[in-house]
Amino acid sequence: MYNFLSLLIGALVAIMVAFNGELSNKLGNYPALVIIHLVGFIIILGIMLYKKIKISLKNGLPLYLYSAGAISVFTVMFNNLSYAALGVSLPVALGLLGQLITSLAFDHYGFLNMKKIKFNNKKFIGLSIIIIGISIMTFL
Amino acid sequence: MFFILISIVSGAIVVISRILNTRLSEKVGLLESSFFNYLTGLLSALILFSIVKDKVTFNEFYTIPFWAYLGGALGIIIVILSSVVTPKMSSFYITLIIFIGQLFTGIIIDCITLKTIPFPKIIGGLLVIAGLGYNLHVDSETEALIQTN
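Quick note, the sequences are listed as chains A and B, same order. Oh and the first sequence: position 95 is 95 in the numbering used here, straight run, nothing missing. Oh and the second sequence: position 23 is 23 in the numbering used here, straight run, nothing missing.
Chain A with its partners taken away, still in its complex shape (with noise of 0.2 Å):
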């Protein structure tokens, strides 16, 4: 059940990726961009209504706290221009490298208050790995 539930969430974001791009390519990137935030916008305040839950800003937490969705634009934004070149699956594949990367940055060396947690050497197999299949993915 929790399996599926997970397959079905990578699926819905790899279908998410074509419908932003598809819109992106129509619409232009910076009118999609205010699109697609709009929309999502628009149902989470409809949620919010119907479950009468009431924003309160909470005094004390620092404004970076706030900033994932400014940031998140980006990705959105960087996702539909790949689009229009690469397709979806080679972007997924290079994102999920750039993921990678970034959390053994990360986790070596406790960014953001995280915990530590040094580098294994064995990741180079893995990472090696991932490597030569996006290869095979981008030039073959």
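For the record, the hints were derived by calculation from the structure and aren't laboratory data. Bear in mind that the values here come from a model prediction, so they are computed numbers and not experimental data. From the three backbone atoms N, C-alpha and C, an ideal C-beta is built for every residue, glycine too. One or more of the hints may lead you astray.
[Claimed, not checked] Derived BS3-like pairs (lysine-lysine); straight-line CA-CA distance at most 27 Å:
hint: 1; chain 1: A; residue 1: K51; chain 2: B; residue 2: K27
hint: 2; chain 1: A; residue 1: K54; chain 2: B; residue 2: K53
hint: 3; chain 1: B; residue 1: K55; chain 2: A; residue 2: K26
hint: 4; chain 1: B; residue 1: K115; chain 2: A; residue 2: K26
hint: 5; chain 1: A; residue 1: K116; chain 2: B; residue 2: K88
hint: 6; chain 1: B; residue 1: K27; chain 2: B; residue 2: K88
hint: 7; chain 1: B; residue 1: K27; chain 2: A; residue 2: K116
hint: 8; chain 1: B; residue 1: K88; chain 2: A; residue 2: K115
hint: 9; chain 1: A; residue 1: K115; chain 2: B; residue 2: K53
hint: 10; chain 1: A; residue 1: K52; chain 2: B; residue 2: K27
hint: 11; chain 1: B; residue 1: K88; chain 2: A; residue 2: K51
hint: 12; chain 1: B; residue 1: K53; chain 2: A; residue 2: K26
[What the hints assert, rightly or not] Ranges of calculated distance between the beta carbons of each label pair, as one might list FRET restraints:
hint: 13; chain 1: B; residue 1: L30; chain 2: A; residue 2: F124; range: 34 to 44 Å
hint: 14; chain 1: B; residue 1: Y62; chain 2: A; residue 2: A85; range: 24 to 34 Å
hint: 15; chain 1: B; residue 1: V138; chain 2: A; residue 2: Y109; range: 15 to 25 Å
hint: 16; chain 1: A; residue 1: P62; chain 2: B; residue 2: I108; range: 39 to 49 Å
hint: 17; chain 1: B; residue 1: N59; chain 2: A; residue 2: K122; range: 55 to 65 Å
hint: 18; chain 1: B; residue 1: E26; chain 2: A; residue 2: N120; range: 37 to 47 Å
hint: 19; chain 1: B; residue 1: Y62; chain 2: A; residue 2: Y64; range: 33 to 43 Å
hint: 20; chain 1: B; residue 1: F66; chain 2: A; residue 2: L63; range: 18 to 28 Å
hint: 21; chain 1: B; residue 1: S90; chain 2: A; residue 2: K118; range: 39 to 49 Å
For chain A, the structure is supplied; the task is to place chain B on it using the hints.
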């Protein structure tokens, strides 16, 4: 090359925004943090849009198929489903299975839009999954070690 680079960078941003978002949702709740996510996202998109002053002709809005507008809605379904799955499964399987779903749906979409079966992408994709699986396995081994110590 440019597109390869921005695809990798977009993965890097995913990690950073996921960390920030998890922190925020621990403090204010999941729906609330998604609310702020889309609010700041929308504001940033509007700022970018007003800076570049892209021309939009409103006729285009009607010619675009309806489903193309649903990306933002899918984003919210993904957030909610993830919050259902995360406490129930090990992050090993979640990460691996989500990625398998993502990659192979991506390959299927590419098949449909390009109208060919891209064998290199399937073989390369399988290798990427093997590599990811191996590294996640190393991770869960170290975690088990930390817990037993």
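Going down the list of hints, with the structure as the test:
1. Proximity of K51 of chain A to K27 of chain B is assessed by CA-CA distance (about 19 Å); at most 27 Å being required, the pair is judged to hold.
2. Of the supplied pair hints, the one linking K54 of chain A and K53 of chain B is violated, its CA atoms being roughly 35 Å apart against a limit of 27 Å.
3. Between K55 of chain B and K26 of chain A the CA atoms are separated by roughly 12 Å; this keeps the pair inside 27 Å, and the hint holds.
4. Pair hint K115 of chain B plus K26 of chain A holds up; C-alpha atoms about 20 Å apart against a cutoff of 27 Å.
5. For the hint pairing K116 of chain A with K88 of chain B, the CA-to-CA distance comes to about 25 Å; that is within 27 Å, so the pair holds.
6. Between K27 of chain B and K88 of chain B, the direct Cα distance comes to roughly 21 Å. Compliance with the 27 Å bound is thereby established for this hinted pair.
7. Straight-line distance between C-alpha atoms of K27 of chain B and K116 of chain A comes to about 22 Å, which keeps the hinted pair within the 27 Å bound.
8. For the suggested pair K88 of chain B and K115 of chain A, the alpha carbons sit about 22 Å apart, so the restraint of at most 27 Å is met.
9. For the hint linking K115 of chain A to K53 of chain B, the alpha-carbon distance of about 43 Å lies beyond 27 Å, and the restraint is violated.
10. As the CA atoms of K52 of chain A and K27 of chain B are separated by approximately 19 Å, the hinted pair is consistent with the 27 Å bound.
11. Restraint check: the Cα-Cα separation between K88 of chain B and K51 of chain A comes to about 24 Å, which is no more than 27 Å; the hinted pair holds.
12. The suggested pairing of K53 of chain B with K26 of chain A holds, with an alpha-carbon distance near 16 Å, which does not exceed 27 Å.
13. A beta carbon spacing of about 36 Å between L30 of chain B and F124 of chain A agrees with the range 34 to 44 Å that was offered as a hint.
14. At roughly 27 Å, the beta-carbon separation of Y62 of chain B and A85 of chain A lies within the given 24 to 34 Å, and the hint holds.
15. Roughly 19 Å separates the CB atoms of V138 of chain B and Y109 of chain A, a value that falls within the hinted 15 to 25 Å.
16. Checked against the given bound of 39 to 49 Å, the beta carbons of P62 of chain A and I108 of chain B, roughly 42 Å apart, stay inside it.
17. Range check, N59 of chain B to K122 of chain A: Cβ separation about 57 Å, and the 55 to 65 Å hint holds.
18. Separation of E26 of chain B from N120 of chain A is about 27 Å and departs from the stated range, judged on CB atoms against 37 to 47 Å.
19. In this structure, Y62 of chain B and Y64 of chain A meet the distance hint of 33 to 43 Å, their C-beta atoms being roughly 40 Å apart.
20. Taking the beta carbon of each, F66 of chain B and L63 of chain A are about 37 Å apart, not inside 18 to 28 Å as hinted.
21. S90 of chain B and K118 of chain A have their C-beta atoms about 21 Å apart, which leaves the hinted 39 to 49 Å range violated.
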